[in-house]
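**Student:** Taken in order, these protein sequences are the chains called L and X.
Going by the working numbering, the final residue of the first sequence carries number 591, and the count climbs one at a time with no gaps.
Going by the working numbering, the final residue of the second sequence carries number 363, and the count climbs one at a time with no gaps.
There's no promise every hint is true.
As the list claims (entries may be wrong) - Covered stretches of chain L (chain X as the covering partner; in silico rule of three or more C-beta atoms under 8 Å from a C-beta of chain X): (1) 99 to 105; (2) 126 to 140; (3) 252 to 262; (4) 336 to 344; (5) 418 to 430; (6) 478 to 484; (7) 490 to 496.
Read the hints as simulated data drawn from the structure, not as lab findings.
For glycine and all other residues, C-beta sits at the position ideal for the given N, C-alpha and C.
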Amino acid sequence: MARVFLSVVFALALFPDSGLSDRLDRMRDSPPVWMNVRDDPGQDGWVSEVFSEAAGRQLKRLASWVESKEEVDLATLAHPRFSASARVGRPEVVFERGPLRVGRRRAVDGAVSGDRGAGIEGFERMLRQLFDPLEDRPQRRVKFKVVAVTPGSTEAGQVTTRVLCEGVGSGPAGSLQLNVTLTVDWLPGDGTPLVASISVEDYEQVEFGPGRTTMFSDATESVLGAEPAFRDQLLFGNEYWMRRMQTVLGIDNYGHHGLAVGDVNGDGLEDLYVCQTGGMPNRLFLQNEDGTAREVAAEAGVDFMDRTHAALLLDLDNDHDQDLVLSTQTSLLFLENDGGGKFRLAFEGGMSAYSLAAADYDADGDLDVYATAYVAPPEWERQGGLGLQPLPYHDANNGAANGLFRNDGDWTFRDVTRETGLDVNNRRWSFAAAWADYDADGDQDLYVANDFGRNNLYRNDGGEFIDVAAAAGVEDSASGMSVSWGDYDGDGLLDLYVANMFSSAGNRIVPQPGFKPGAAAEVKSDYRRFARGNTLFRNAGDGTFRDVSESAGVTMGRWAWCSPFIDVNNDGHEDLVVANGYLTNEESGDL
Amino acid sequence: MVAATEQVEGEDSVEFHKTHMSEIFGDGFSFSGYERDLVKLNDRNGRFIDVSGISGADSISDGRGTVYADFDNDGDPDIFLTAMQRKAHYLFRNNIGQDANYLRVELVGTNSGTDAYGAAVEIVTAGGSQRRIKMGGTGYLSQSDGRLLFGLGTDTTVDSLTIRWPSGLEQRLSSIPANRSIRVVEGSDAYETLDLPTFSFPEPWNPAEQLLADAGLTIGDAFPTLLLDPLPGGPRTFEEVGGHDRRTLVNLWATWCTSCIREMPELNRMAPGFAAAGIDLVGISLDFQATDSVAPFLERLGIDYPGFIIREQGVELLFPGGEIRVPLTFLLAADGTIEGMWAGWTPSVERELFALTGLAGAS
Numbered sequence: 001m002a003r004v005f006l007s008v009v010f011a012l013a014l015f016p017d018s019g020l021s022d023r024l025d026r027m028r029d030s031p032p033v034w035m036n037v038r039d040d041p042g043q044d045g046w047v048s049e050v051f052s053e054a055a056g057r058q059l060k061r062l063a064s065w066v067e068s069k070e071e072v073d074l075a076t077l078a079h080p081r082f083s084a085s086a087r088v089g090r091p092e093v094v095f096e097r098g099p100l101r102v103g104r105r106r107a108v109d110g111a112v113s114g115d116r117g118a119g120i121e122g123f124e125r126m127l128r129q130l131f132d133p134l135e136d137r138p139q140r141r142v143k144f145k146v147v148a149v150t151p152g153s154t155e156a157g158q159v160t161t162r163v164l165c166e167g168v169g170s171g172p173a174g175s176l177q178l179n180v181t182l183t184v185d186w187l188p189g190d191g192t193p194l195v196a197s198i199s200v201e202d203y204e205q206v207e208f209g210p211g212r213t214t215m216f217s218d219a220t221e222s223v224l225g226a227e228p229a230f231r232d233q234l235l236f237g238n239e240y241w242m243r244r245m246q247t248v249l250g251i252d253n254y255g256h257h258g259l260a261v262g263d264v265n266g267d268g269l270e271d272l273y274v275c276q277t278g279g280m281p282n283r284l285f286l287q288n289e290d291g292t293a294r295e296v297a298a299e300a301g302v303d304f305m306d307r308t309h310a311a312l313l314l315d316l317d318n319d320h321d322q323d324l325v326l327s328t329q330t331s332l333l334f335l336e337n338d339g340g341g342k343f344r345l346a347f348e349g350g351m352s353a354y355s356l357a358a359a360d361y362d363a364d365g366d367l368d369v370y371a372t373a374y375v376a377p378p379e380w381e382r383q384g385g386l387g388l389q390p391l392p393y394h395d396a397n398n399g400a401a402n403g404l405f406r407n408d409g410d411w412t413f414r415d416v417t418r419e420t421g422l423d424v425n426n427r428r429w430s431f432a433a434a435w436a437d438y439d440a441d442g443d444q445d446l447y448v449a450n451d452f453g454r455n456n457l458y459r460n461d462g463g464e465f466i467d468v469a470a471a472a473g474v475e476d477s478a479s480g481m482s483v484s485w486g487d488y489d490g491d492g493l494l495d496l497y498v499a500n501m502f503s504s505a506g507n508r509i510v511p512q513p514g515f516k517p518g519a520a521a522e523v524k525s526d527y528r529r530f531a532r533g534n535t536l537f538r539n540a541g542d543g544t545f546r547d548v549s550e551s552a553g554v555t556m557g558r559w560a561w562c563s564p565f566i567d568v569n570n571d572g573h574e575d576l577v578v579a580n581g582y583l584t585n586e587e588s589g590d591l
Numbered sequence: 001m002v003a004a005t006e007q008v009e010g011e012d013s014v015e016f017h018k019t020h021m022s023e024i025f026g027d028g029f030s031f032s033g034y035e036r037d038l039v040k041l042n043d044r045n046g047r048f049i050d051v052s053g054i055s056g057a058d059s060i061s062d063g064r065g066t067v068y069a070d071f072d073n074d075g076d077p078d079i080f081l082t083a084m085q086r087k088a089h090y091l092f093r094n095n096i097g098q099d100a101n102y103l104r105v106e107l108v109g110t111n112s113g114t115d116a117y118g119a120a121v122e123i124v125t126a127g128g129s130q131r132r133i134k135m136g137g138t139g140y141l142s143q144s145d146g147r148l149l150f151g152l153g154t155d156t157t158v159d160s161l162t163i164r165w166p167s168g169l170e171q172r173l174s175s176i177p178a179n180r181s182i183r184v185v186e187g188s189d190a191y192e193t194l195d196l197p198t199f200s201f202p203e204p205w206n207p208a209e210q211l212l213a214d215a216g217l218t219i220g221d222a223f224p225t226l227l228l229d230p231l232p233g234g235p236r237t238f239e240e241v242g243g244h245d246r247r248t249l250v251n252l253w254a255t256w257c258t259s260c261i262r263e264m265p266e267l268n269r270m271a272p273g274f275a276a277a278g279i280d281l282v283g284i285s286l287d288f289q290a291t292d293s294v295a296p297f298l299e300r301l302g303i304d305y306p307g308f309i310i311r312e313q314g315v316e317l318l319f320p321g322g323e324i325r326v327p328l329t330f331l332l333a334a335d336g337t338i339e340g341m342w343a344g345w346t347p348s349v350e351r352e353l354f355a356l357t358g359l360a361g362a363s
């Protein structure tokens with residue numbers, strides 16, 4: 001889908017109204033120009049964005065000082081009147097299990113006396129203290145991100161920023177990560193802002209090792225490298241294929257291809273179905289007992305070349321093998337496993353879909369399938385990705401309708417969306433859905449994550465659904481991409497994690513008084529929510545949920561996609577993994 | 001929202017859409033790019049700690065679908081991820097879960113349907129309770145392992161296990177030892193301990209193996225016909241080098257490659273040995289954008305074996321991913337088939353190449 005364009009719309013939405021119509025005019029006259037919104041914040045009237053960019057450049061130089069200690073003259077980064085407002089204390093261990101240790105350091109107020117914390121030397125002393133744990137990790141990288149800009153109060157030209165800092169280093173001592181939130185004050189220098197003071201809001205340090213460097217290893221090549229399907233196709237990203245394939249084959253420019261895990265041949269090893277873009281065959285990898293995998297999609301009869309978004313491996317006819325459902329750009333394919341890992345197309349549902357989720361919603365002993373539609377692709381493509389826009393952007397209700405397909409046995413499935421009540425609030429732009437009995441009343445409820453606005457929580461009342469998202473407090477009005485259920489706090493109640501978009505620019509601009517000055521408070525608050533990022537809802541046990549995202553520290557997910565709960569370290573507490581990123585290209589500059 | 005209500009007229013063609021996309025890709029700029037995937041660790045106190053940087057699973061390829069599964073049945077969740085750019089698929093092997101105990105629960109339904117998606121399982125151990133549901137699809141475009149894997153930390157016994165089946169049946173088991181896979185059939189009081197095939201994923205490749213994998217060629221392939229420019233005073237075509245019944249050692253290098261600078265003088269010393277063993281040594285420079293720099297560079301290093309400069313079209317044949325990684329050395333049979341490949345310049349590569357000379361000291 002044209003996520004690029006839509007987020008540009010979001011970017012446009014962040015600019016003052018005066019500049020907006022001008023930009024839309026430019027879009028009309030000369031289409032490619034709309035991508036130029038990334039270029040020059042100075043044109044948009046946001047002085048704070050100009051400042052943020054200048055400060056960002058300085059912080060980038062500061063990062064290279066931390067990484068290499070060379071080439072950067074600290075006198076060009078800090079103001080001569082720099083003063084450290086606090087030191088950080090020693091790390092207090094908050095978590096320790098096996099090779100993994102987490103410590104937090106607190107700011108110690110007033111601990112910097114006189115000259116020691118002042119001037120360029122004081123600046124260097126403070127930096128050395130802050131980044132000392134990286135010192136004996138020769139391979140290191142540091143990144144700063146400005147997430148808030150406010151005019152300072154003490155003197156003219158002073159600006160206060162909130163800065164997130166991530167530092168990662170590795171070496172024989174093991175690996176280490178610093179998660180630091182800083183308040184950085186700036187004063188004008190000669191054409192560029194200079195750091196006037198730094199104080200520490202939050203300081204977290206995670207160590208792993210010694211003798212070990214990472215919790216996971218990339219084993220892709222050692223497992224799949226010998227397979228031509230991997231070497232010739234799966235290894236390469238979209239850009240590679242876009243340069244080589246004709247659009248008519250249905251190549252998806254945005255990389256929306258999912259995965260399904262299941263034991264296809266009943267040998268006790270989980271196999272993997274890999275969806276591919278239009279023009280490339282989907283792949284089925286069966287595991288071998290030596291730790292490698294073999295690709296058998298063609299033999300199995302599942303090497304479809306239609307643009308495929310998602311797949312489910314599940315037993316639809318209760319004969320103890322894993323059948324397959326695919327959502328392609330044009331239809332839902334229901335395929336029957338013959339018990340030996342060969343499939344035949346048994347039913348076709350005429351719906352273009354994204355995510356799939358299966359459950360037995362009517363408790364009749366067979367699995368039913370819910371499919372999310374996002375937006376009707378033929379229309380979308382015909383409109384060149386520009387005609388059909390989410391309306392209104394912050395609460396769009398003009399997407400395509402999702403569908404619930406009831407399993408009626410004998411490989412027939414019936415669209416029961418309307419008669420089950422799932423046609424309510426069903427024109428949102430739905431990327432993902434997941435079933436769970438969140439209210440523990442014995443039937444399967446459904447959460448749907450929607451882009452451009454509110455999500456749905458359909459409570460199942462004996463086979464009929466009611467959207468209770470508002471009452472349950474889980475509308476989460478933002479750019480929903482993904483939904484996962486899990487009991488992260490071990491209280492026996494199912495909690496909910498929803499992935500959205502985190503936007504540094506949005507976080508900087510939306511809270512300012514100049515952002516959409518005429519708009520109602522609720523609209524402004526909606527936009528603030530759009531930029532905030534991911535959401536964790538804790539199940540209160542009374543049918544409602546509490547938004548604990550901030551206190552749980554899970555909002556910052558970048559441009560997030562799949563976001564499962566996974567207990568990565570097997571300690572019995574579910575962790576989170578979030579896939580991120582929209583489009584990585586040679587040049588890194590972006591919004 | 002003004003932006004959202006505006007319609008753009010007259011441009012509504014697929015062609016127009018393509019133009020925009022070509023623009024985006026052609027410009028080569030990023031849009032929320034270089035964003036690393038996140039791994040956030042539950043601190044058991046209501047907070048999640050960002051451990052992405054030390055996770056080894058924080059790829060920057062624009063991740064989309066993400067599944068977890070204990071692919072190798074060793075008792076911890078591995079991760080498979082699809083991405084949009086760069087390397088588009090990743091398998092991350094879990095290196096930490098095996099430090100703790102586990103219990104895997106496979107559910108077989110009867111009245112609930114065989115898969116029993118939607119079943120909820122709660123276990124109680126000394127460390128507390130955990131609840132999982134068997135999910136038929138979760139996250140975005142993803143369906144993970146349907147067998148429920150419980151990490152037990154240091155606990156060695158699951159005191160009780162309660163299953164709430166979609167049919168409404170509730171079933172309870174007790175005192176299950178850790179580190180095993182069990183199968184529970186709906187309505188049956190006993191559970192079965194499974195003897196699953198278990199293995200360890202092969203060790204990830206080292207950088208040299210990775211380099212070979214990234215090259216578009218492998219042993220047994222025919223070495224492609226490359227468009228080459230001659231160097232002053234050197235052979236004009238590849239065919240002019242050596243005789244028909246001789247093998248060829250092709251060394252790909254570049255002026256910016258520091259390993260090449262160390263490797264090439266060594267190869268130069270070995271050249272007579274190669275020649276005596278029926279092998280002709282040829283260097284191919286990848287400096288197609290800076291062809292003038294090649295001859296002086298070779299002269300400075302004192303290289304006198306024959307060489308060429310590749311043309312841009314050839315680079316894609318050799319490095320289909322677009323990233324040039326050298327040094328890379330190929331041994332070609334007389335008919336041009338690749339017999340051997342070496343990546344990088346390490347003591348072992350040096351040893352193996354020297355062994356081709358058959359000279360004393362070569363092992």
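**Student:** State for each hint whether it applies.
**Tutor:** So, going through the hints one by one against the coordinates:
1. 99 to 105: holds (count 3)
2. 126 to 140: violated (count 0)
3. 252 to 262: holds (count 10)
4. 336 to 344: Violated, because only 0 residues of the segment 336 to 344 of chain L bring their Cβ atoms closer than 8 Å to Cβ atoms of chain X.
5. 418 to 430: Violated: only 0 residues of the segment 418 to 430 of chain L have a Cβ under 8 Å from chain X.
6. 478 to 484: Check passed, 4 qualifying residues.
7. 490 to 496: Held - the segment 490 to 496 of chain L has 4 residues with a Cβ nearer than 8 Å to chain X, which meets the minimum of three.
Checked against the numbered hints given earlier, this structure breaks hints 2, 4 and 5; the rest are met.
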